[in-house]
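A.B. asks: Spelled out from the first residue to the last, the chains are:
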Amino acid sequence: MTHSAAHVSYLEDGHTLRSWLLTTDHKRIAILYLVAITFFFFAGGFAAFLMRYNLISSHGLLGSAETYNRLFSMHGILMVWFFLVPAVPVTLGNFLTPLMLGARDLAFPRLNLLSWYLFMVAGFVALYAVVAGGVDTGWTFYTPLTSLYSKGHVVAAIIAIFIAGFSSIATGLNFIVTIHKLRAPGMGWYRMPVFLWSLYATSVILVLATPVLAMTLLLLAFERIFGIGVFDPAIGGDPLLFQHLFWFYSHPAVYVMILPGFGVISEIVPAFSRKELFGYKFIVWASIAIAVIGFLVWGHHMFVAGTSLFSAIVFSLLSYMVAAPSAIKVFNWIGTMHKGYIHFDSPMLYAIGFIGLFTTGGLTGLFVAALAADVHLTQTYFVVAHFHYVMVGGMVSAYFAGLHFWWPKITGRLYPEMWGRAGAITIFVGFNLTFFPQFVLGYLGMPRRYFAYPQQFEALNLLSSAGAVVLAIGYLLPLGYLTWSLLYGERASANPWGATGLEWTTPSPPPTENFAVTPIVTQAPYQYEQPEAVIHE
Amino acid sequence: MTAVVLRLISVASLMFALLAAELAATFAFPGWGRSGVAVIAATMVGVAAFGFMDLRQEGVVVWLFAAAALLWLIILLGLGALDPMTRTLYPTVIAVP
Amino acid sequence: MSDAAAHEFQFSSAEHQRETAISGVWLFLATEALFFGPIFLAWIYARLADPSAFDAGGRQTELTIGVTNTALLIASSFAYSIGLACIEFGSRRGMVLWLLIAWTLGAAFLGLKFGVEWRMDLEKGLFPGANFSVHGPSRSGAQLFFAFYFFSTALHGLHLLVGLALLAWIISKARQFTAERHNSVRVVGLYWTFIDIIWLILFPLIYLIGRAS
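Residue numbers (this note's numbering), protein chains in the order written: chain X, 273 to 809; chain C, 16 to 112; chain G, 90 to 302.
FYI, nobody ran anything at the bench for these hints, they're computed from the structure. Any given hint could be a false lead.
[What the hints assert, rightly or not] Every beta carbon over 10 angstroms from chain G, so not counted as near; a handful from chain X, in silico:
1) PHE318
2) PHE380
3) TYR389
4) SER422
5) ILE448
6) ALA486
7) GLU548
8) LEU581
9) ALA599
10) TYR613
11) GLU689
12) LEU732
13) THR794
[Unchecked claim] Every beta carbon over 10 angstroms from chain X, so not counted as near; a handful from chain C, in silico:
14) LEU23
15) ALA32
16) VAL62
17) ALA64
18) LEU70
19) ALA81
20) THR101
21) ARG102
22) THR103
[To be verified] Only part of the chain X face toward chain C is listed, based on derived beta-carbon distances under 7 angstroms:
23) SER329
24) HIS331
25) HIS452
26) PHE567
27) VAL576
28) THR579
29) PHE582
30) SER583
We treat Cβ as the ideally placed atom computed from N, Cα and C, and that holds for glycine.
Given these sequences and hints, build the entire structure.
C.D. replies: As structure tokens, then:
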């Protein structure tokens with residue numbers, strides 16, 4: 273059991289560019305991804321900033337509908353495919369999965385590196401599409417605008433998303449096989465942390481839904497290039513077929529975006545309540561249920577598109593069913609906090625914010641899942657507010673929560689806690705200021721994707737845009753102090769939070785090989801009521 | 016080795032027989048119709064999966080993946096076809112170009 | 090991959106690595122199944138729109154070539170399986186022979202499909218567009234059929250081409266394989282038969298449904 277190097281941290285194990293660009297170490301790949309998605313987050317965010325600037329005046333300050341259309345398309349494409357879908361899985365997921373399993377790496381390390389290169393190529397193609405003028409079609413690419421009429425760079429955008437899709441599939445495949453095959457001795461399925469169950473559920477969606485998107489985009493590209501195809505009504509084709517195929521992927525995709533967030537929250541709430549996770553099996557099977565039922569509800573994006581009433585009713589009913597497992601999770605998190613000893617460190621502030629904002633967003637989903645209500649609410653700002661509450665209020669908060677929680681483990685540094693709390697609170701306040709008015713705007717009838725709007729909506733839009741400034745500050749703060757901590761932050765111990773989980777048994781940052789000796793797991797996760805648990809203030 | 020080869024020969028023979036049956040269902044036995052063709056095609060897929068890809072020898076995990084693929088295809092095709100199959104079509108006048 | 094290491098570092102044994110590789114490729118094939126899924130849904134939608142016109146398009150296909158191609162792929166999967174059995178019993182030479190037969194049969198499919206059949210279809214004016222040669226009430230539905238036909242056969246052909254490349258790669262590395270170590274041969278074989286399976290679904294959709302009553 274001799275080891276050549278004295279457990280060099282993965283960050284120190286090779287300083288050349290080559291050692292980073294040709295690495296197969298899952299931890300380094302996670303860092304490579306982190307840099308990339310941070311860039312795309314701010315790029316997509318910048319587009320949103322310009323959109324909110326435009327909407328300050330009811331005449332549209334940017335002066336051009338075409339420009340506005342390209343901005344919201346760019347915002348959607350970059351945020352969905354280049355930030356939200358990869359976010360937690362490729363950063364925290366890549367970094368933590370082998371550590372949490374007690375493994376040396378993922379099942380297919382070279383596939384992992386390939387997935388990063390695919391992502392980077394996709395990103396460059398997307399940036400080219402944007403710089404060349406972008407698309408005016410929205411991130412949803414509906415036919416026949418995209419297939420027959422749009423003058424934008426549709427094919428370039430499609431190619432970018434197609435390639436990014438393969439990156440997703442590779443990541444999902446790697447996680448599923450790793451979780452099945454590389455668990456440490458003693459780690460039965462019910463001894464895995466919920467974060468891994470969430471990643472598993474996410475990966476199931478990634479591998480089964482993304483290929484459908486890939487083919488759909490190919491069909492669209494064919495029709496755009498040859499001027500004829502299966503979506504073309506002139507020969508009896510059905511433009512709605514595109515919507516069915518697109519949403520078959522894109523609805524489960526929103527669960528891809530949120531499930532890892534659920535996993536992060538499920539790790540943080542027990543740690544900062546010093547209490548075992550309430551209802552482990554319920555949370556675990558709720559995650560699987562969300563992944564499965566999430567595939568059955570896509571038609572709720574098409575209630576006014578012209579589908580049959582019968583299928584609309586079926587999809588509406590199924591959409592109500594998918595809400596139940598999410599609600600179960602919220603009850604379980606609150607049950608965990610109940611009678612716990614709560615510490616309001618930054619990860620916990622983000623997590624608590626998540627619970628509130630996600631629940632709000634989730635509840636408003638029930639409004640739009642009702643056929644009669646959706647006739648009025650669809651294509652208005654109500655829907656925009658709904659999905660931003662779950663995606664941004666929910667998922668981005670969870671991402672930041674996880675980033676802060678595992679930052680000491682990943683970087684070996686502590687970030688300044690007061691700044692962390694300031695950031696979390698600023699984001700919470702800014703977020704609500706930006707998006708709550710949008711529920712009202714939508715209810716009052718303001719349509720989405722309009723660059724100019726009726727005068728009576730101006731005050732609420734101004735409020736929303738002001739909120740966006742606060743939100744932007746909230747996002748820039750972590751960019752600042754987390755970067756600062758890399759150079760000047762206090763060095764972290766192996767387990768600064770006193771949390772349970774195999775990842776906290778390694779040094780901060782971990783050595784390249786993760787574990788000197790393969791760990792043997794003898795107990796269930798979240799054993800916080802053990803007397804040996806050390807509590808750090 | 017002989018046993019394996021004999022098994023593979025019987026699998027291949029079965030496949031060719033099914034191909035012939037497919038053609039028969041199309042041309043010689045109009046009564047079987049399109050559903051006959053569909054059933055035979057599905058059988059051929061099954062024979063290929065079990066006969067050539069050795070699905071039966073594989074573990075639970077592989078069965079899970081194969082079953083998931085089948086189930087999700089059924090969801091895509093079934094729930095996806097629900098809409099066009101239940102639409103009410105209102106007659107329209109198509110302008111002659 | 091060094092000869093000294095029986096398995097890669099993240100696995101506990103060679104058997105562990107083998108099982109993981111097989112699981113991985115089956116999961117990949119599941120993604121491929123869902124990849125082709127939308128084409129099948131498109132067929133359903135296209136046919137539902139105007140069944141008789143769609144079938145009229147279907148009757149323009151080259152049945153003989155279609156049947157021949159199906160037979161070629163079945164034979165090719167058979168040949169590959171024999172080749173796999175050869176290496177499982179330690180015969181490298183047998184493996185190479187039968188994999189070469191499988192390769193040839195697959196290449197024959199591509200030659201027939203794109204060299205002969207597509208050429209015939211294009212000469213008959215069957216590519217959808219302004220010059221489509223079917224006229225009358227079936228024109229739209231038939232064009233829809235051929236949009237599906239050209240797209241799906243192109244995509245299937247592309248996958249087969251990748252399969253041929255993988256097969257050639259396996260054959261070129263034949264020296265490395267033994268009765269105990271031949272994961273790659275298994276893995277590529279699974280992909281190869283999967284391409285066959287996709288064709289087994291496309292074949293009736295393209296050649297038979299339009300001709301059945």
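A.B. asks: Evaluate each hint against the coordinates.
C.D. replies: Hint by hint, here is what the structure shows:
1. PHE318: It holds; PHE318(X) is separated from chain G by about 34 angstroms at its closest Cβ, greater than 10 angstroms.
2. PHE380: The claim breaks: PHE380(X) does not keep its Cβ more than 10 angstroms from every Cβ of chain G (closest is about 6 angstroms).
3. TYR389: holds, 18 angstroms
4. SER422: The assertion about SER422(X) holds, with a minimum of 20 angstroms to chain G.
5. ILE448: violated, 6 angstroms
6. ALA486: violated, 6 angstroms
7. GLU548: With a cut-off of 10 angstroms, GLU548(X) remains clear of chain G, as the shortest Cβ separation is near 31 angstroms.
8. LEU581: Given that every Cβ of chain G is farther than 10 angstroms from that of LEU581(X), nearest at about 17 angstroms, it holds.
9. ALA599: holds, 29 angstroms
10. TYR613: holds, 38 angstroms
11. GLU689: holds, 36 angstroms
12. LEU732: The claim stands: LEU732(X) keeps its Cβ more than 10 angstroms from every Cβ of chain G (closest is about 40 angstroms).
13. THR794: holds, 19 angstroms
14. LEU23: holds, 28 angstroms
15. ALA32: holds, 32 angstroms
16. VAL62: holds, 25 angstroms
17. ALA64: At roughly 18 angstroms from the nearest Cβ of chain X, ALA64(C) sits farther out than 10 angstroms, so the non-interface label holds.
18. LEU70: holds, 17 angstroms
19. ALA81: Its Cβ never comes within 10 angstroms of chain X, the nearest being 13 angstroms, so this holds.
20. THR101: It is violated; THR101(C) is separated from chain X by about 4 angstroms at its closest Cβ, not greater than 10 angstroms.
21. ARG102: Nearest chain X Cβ is 4 angstroms from ARG102(C), so the label is violated.
22. THR103: Violated, since 7 angstroms does not exceed 10 angstroms.
23. SER329: With Cβ-Cβ at 41 angstroms, over 7 angstroms, it is violated.
24. HIS331: The hint is violated - HIS331(X) has no Cβ within 7 angstroms of chain C, the shortest such distance being about 39 angstroms.
25. HIS452: holds, 5 angstroms
26. PHE567: With a minimum Cβ separation of about 6 angstroms from chain C (threshold 7 angstroms), the hint on PHE567(X) holds.
27. VAL576: violated, 13 angstroms
28. THR579: THR579(X) check passes; min Cβ-Cβ to chain C is 5 angstroms, inside 7 angstroms.
29. PHE582: holds, 4 angstroms
30. SER583: holds, 4 angstroms
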